[in-house]
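Number of protein chains: 2
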Amino acid sequence: MCNAGGGQLGRMLAQSAALLTIPISILDVGHSPAKQVVHPAPSPSASSSQAQPQAAAATTAQGHIDGPFTSPAHILALARQCDVLTVEIEHVDVSALEAAQRETGVAVHPAPSTIRIIQDKYAQKLHLIAHGVPVAESAAVERTVQAVEGVCAAFGTPLMLKSRTLAYDGRGNFVLRSAGQAQEALTALGDRPLYAERWAAFTQEIAVMVVRSLSGEVVSYPAVQTVHKDSVCHLVFAPLRSADPKVGERARRVAEDAVRTFEGAGVFGVEMFLMPDGEILVNEIAPRPHNSGHYTIEACNTSQYTNHLLAILGLPLGSPALKVPSAAMLNILGLSSSFSEIRQLVDAALGVEGATVHLYGKAESRKGRKMGHITVVGQSDAEVRARLRPLLAALPPDRQNDAYAPPAQQPGFSSPHPLVGIIMGSDSDLPTMLPAARILDHFALPYELTIVSAHRTAERMAAYARGAASRGLRVVIAGAGGAAHLPGMVAAMTPLPVVGVPVRGSALDGVDSMWSIVQMPRGVPVATVAINNSTNAALLAIRIIGAGMPSLLQKMEKYMRDMEVEVMGKVAKLEEVGWEKYEVKKH
Amino acid sequence: MCNAGGGQLGRMLAQSAALLTIPISILDVGHSPAKQVVHPAPSPSASSSQAQPQAAAATTAQGHIDGPFTSPAHILALARQCDVLTVEIEHVDVSALEAAQRETGVAVHPAPSTIRIIQDKYAQKLHLIAHGVPVAESAAVERTVQAVEGVCAAFGTPLMLKSRTLAYDGRGNFVLRSAGQAQEALTALGDRPLYAERWAAFTQEIAVMVVRSLSGEVVSYPAVQTVHKDSVCHLVFAPLRSADPKVGERARRVAEDAVRTFEGAGVFGVEMFLMPDGEILVNEIAPRPHNSGHYTIEACNTSQYTNHLLAILGLPLGSPALKVPSAAMLNILGLSSSFSEIRQLVDAALGVEGATVHLYGKAESRKGRKMGHITVVGQSDAEVRARLRPLLAALPPDRQNDAYAPPAQQPGFSSPHPLVGIIMGSDSDLPTMLPAARILDHFALPYELTIVSAHRTAERMAAYARGAASRGLRVVIAGAGGAAHLPGMVAAMTPLPVVGVPVRGSALDGVDSMWSIVQMPRGVPVATVAINNSTNAALLAIRIIGAGMPSLLQKMEKYMRDMEVEVMGKVAKLEEVGWEKYEVKKH
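Heads up: the protein sequence lines correspond to chains A and B, in order. Counted the way full-length UniProt numbering counts, the first sequence spans residues 1 to 587. Counted the way full-length UniProt numbering counts, the second sequence spans residues 1 to 587.
Mixed in with the good hints there might be a few duds.
For chains that are exact copies, the list does not tell them apart, and a pair is met inside one copy or across any two.
The calculated DSS-like cross-link candidates involving lysine-lysine, where the alpha carbons are at most 30 angstroms apart (straight line), are [unchecked claim]:
#1 K555 <-> K367
#2 K570 <-> K246
#3 K558 <-> K246
#4 K558 <-> K229
#5 K586 <-> K229
#6 K246 <-> K555
#7 K585 <-> K367
Read the hints as simulated data drawn from the structure, not as lab findings.
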């Protein structure tokens, strides 16, 4: 197999190919990142491994080629020595690919026709529109001040003016705040063909990696949140969390549908905007492994690179499912020509549990260059964010942002990444529910605490219950008195375990609440604890989350041992002072 | 950094080094597995990456060296071009390492003194005994029939006769069934010095990878179960499961203590026997990455290879914690000189969710040679075993073994890898508890069902509760009638969530059981469901496990939608036939 382009994507592709001993040749200038991890055998005959999987057995890639991946002659030379040719960058000479394909019979993935459409961003937009894929309204714009002013009038400002070609990582984009910037924009964007996009005032950026097999079968990775800074990918969080339980699935459907409209096999990165009304617009598609999919190496059953290989070699696609509960990816960007800031960040990462550093072996650093990335995995969003904190702190101040790795939960306020939701029907239940909060504080398990009334805020309750799982909650503790419908009604609208705390009212000593909470009909369970015993509700929540998080279970074991020690202390006290003088402390 | 030995361990070490762009040179004959994934820069000056972490910044490894790793001259040449030298095999010339260290000042890890002790298996045993590490009784044996017969008389038979040197993967081991085999054993073991080990009739083989830092700090990976076939590692299961809740921790302590007795940094593989009385004996120690630690690449926060690099470069050690709930490793052994059986196994693995194939790039296959391995990860032991099944099925019949990947749970019988334990105080509770089993069958969630009585089998109850978590259970459903102590008492002896089902007795309609189960004191919660409603107990168990297993939560969502559809069907029926003719089906 051969790859045109020897940067970090080619490097990670080659690292995946090594696992299956798929021979690979790289075309690029010099000892580029990808070439460093593929050492072709000295004699050509020895380079074809016999142990590779059946479908790829005929592959016979040889040494690397030193030359630009834009050169038709070098592309042809590369094609001559392999059976399958792929690219790690869409800014290639498509005609050269087609010529090489004709001349050598090499398979090229993604299909040159796909690359041709995608490398012209406006052609890509028109293609998507023609196939019914939702995108921001776009129009081709001539390179004149009048034309730019015209589109400002038509679309309003702000407005995104973009180069149609050779644009990536924010290069070739200009944000027009007003029509008066028309000349400035034209100057900044140089001599490339342009188009304009109506401003998408998104609430969040989403990305989905989609793999397309030779036969057109399509599978997608989980939707992730992407965070850009200066138009370059800064952070990725997987999986996407949202109070809208369907947004992740919707994003995957949109991305899969978009990729189905293209030809050829391989992995595609689909970047999308989530709009305030919940609509999803496709922003851009990359016909190759993508920065927003780096996290898959450590976090998914099959990495985007392995799946790209499987796809283009006609092998069965691998499972894209997450194998860890939560993951984040932080790009390591050059800040200057010096490597010292990069070293600082890497040194910080080496001290972070669950962090994996990927350096790309680029010989030179420069401001904004992608030099590596760090993947962080953890057992919860809160854990991943906490692990991310020292990494963001090692960045220059303008790249830090507490919003993405907020400090630990503050006493009396909800965590932004809770695992447990404590809700109660009325503020009068607060004293009864506070002990639950104290227990979760003790275990340092992130939670939120709020008022949700089944009878007085029925809509809020429904929205809370429906969005609980997709926001990342794992348990809901619901306290309610009297008729006490809250726990059961929440349980009816979430698949999560709901722990019900019967709150003692004035008339029936909480027995009414108890029966109302515990006697649920078949089909919808509520885990009921003793009357007013929110302590036990929280301890149950910890056991529930601990069932899938062994480290938490160990903390629970310690808690139980401590309880035993406490009682043993009372045993000793009783023996020491005798029961006549023993003072019973009120719980 | 340099590595003597270019086999699969060196290859995986080099693959980890690439992530941190740590320059690495390999000494071995020819284009060995490790050399294939490290392509040194054409000019020496360009080979030192500037982006590597601080402590390793001075490293300046250059090209590979072609020669035997047993050759002093080649070892010296290797040492000359690097700052840190490590080995992937303990059968090296220790004096040559020491000479190279003296002459060049290169750091060698593991310490030559450690390699010297470990490469002589009897010296290793004596060293461990001297440091109080538990091992099987051993004795040096002269190479005479009389001496062998003498040790048979002393230790009894069967007995393990071993070469002291150059023994691994079962080579150099002879199992003496009787003293009559003395001559046969001497012939088989050739001309090496020998020693004998008293037969260890272990119940299980355990391994722990231990990492030792430059300063002597020691961290250990989770204990795993290893399965050998013909004395070669066949399967590894992580983490170790046991009804003894402390055995995993005990194994780690024994392994850590053993590694503390050696000098130098790096990762050590400690193989142990678990004896019937719970004692743990150290069998052998390898001063390097080990086959039993391959699983760490996909399953742990930090792989054994990365941790070996971090240790020998003086960088902070990485977290050894599992990042997935369960993992297994299957070695790919050559079966003949043909690659076709290997291809078959790899093809099978490519269709298995959560499986990652590692091929080593060895040019030739032969019977018993380690050609690669497959790691399988999953959300539970049952899932991992199910995924392993098609892989074991692709092996020749004599390497298949249903015990390690048993077929799916049979109706009416407990799963060997349950996530839920259904227990009841009396067989008279069975009709009440059966609906729970039906629900778990419906969700295909593995469970066990048995009788555990708090009052009549108190010891059994305590053992059951104490071993529940370490056996891999995540939820216990306990049904009990009358005084109904079972759920609460189990909850007092396990950190797992316990779901209590009050069983209706003859006198008080189950209200007695309900109060007894739900009114637990502060500190020990029981998740109580409605009287006799074991259906809801199982649904709650699914929600609890689903809290940490998103795919299960999706099944629960579907179940809830199906319930809704069922009721909507009744709505339609009621409208269609009218309520005068509507027949109410008994639940």
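Okay, the hints, checked on the actual structure:
no., hint, in the structure
1, K555 <-> K367, "neither (45 angstroms within a copy, 48 angstroms between copies)"
2, K570 <-> K246, "between (53 angstroms within a copy, 27 angstroms between copies)"
3, K558 <-> K246, "between (39 angstroms within a copy, 14 angstroms between copies)"
4, K558 <-> K229, "neither (44 angstroms within a copy, 39 angstroms between copies)"
5, K586 <-> K229, "neither (56 angstroms within a copy, 61 angstroms between copies)"
6, K246 <-> K555, "between (34 angstroms within a copy, 15 angstroms between copies)"
7, K585 <-> K367, "neither (64 angstroms within a copy, 72 angstroms between copies)"
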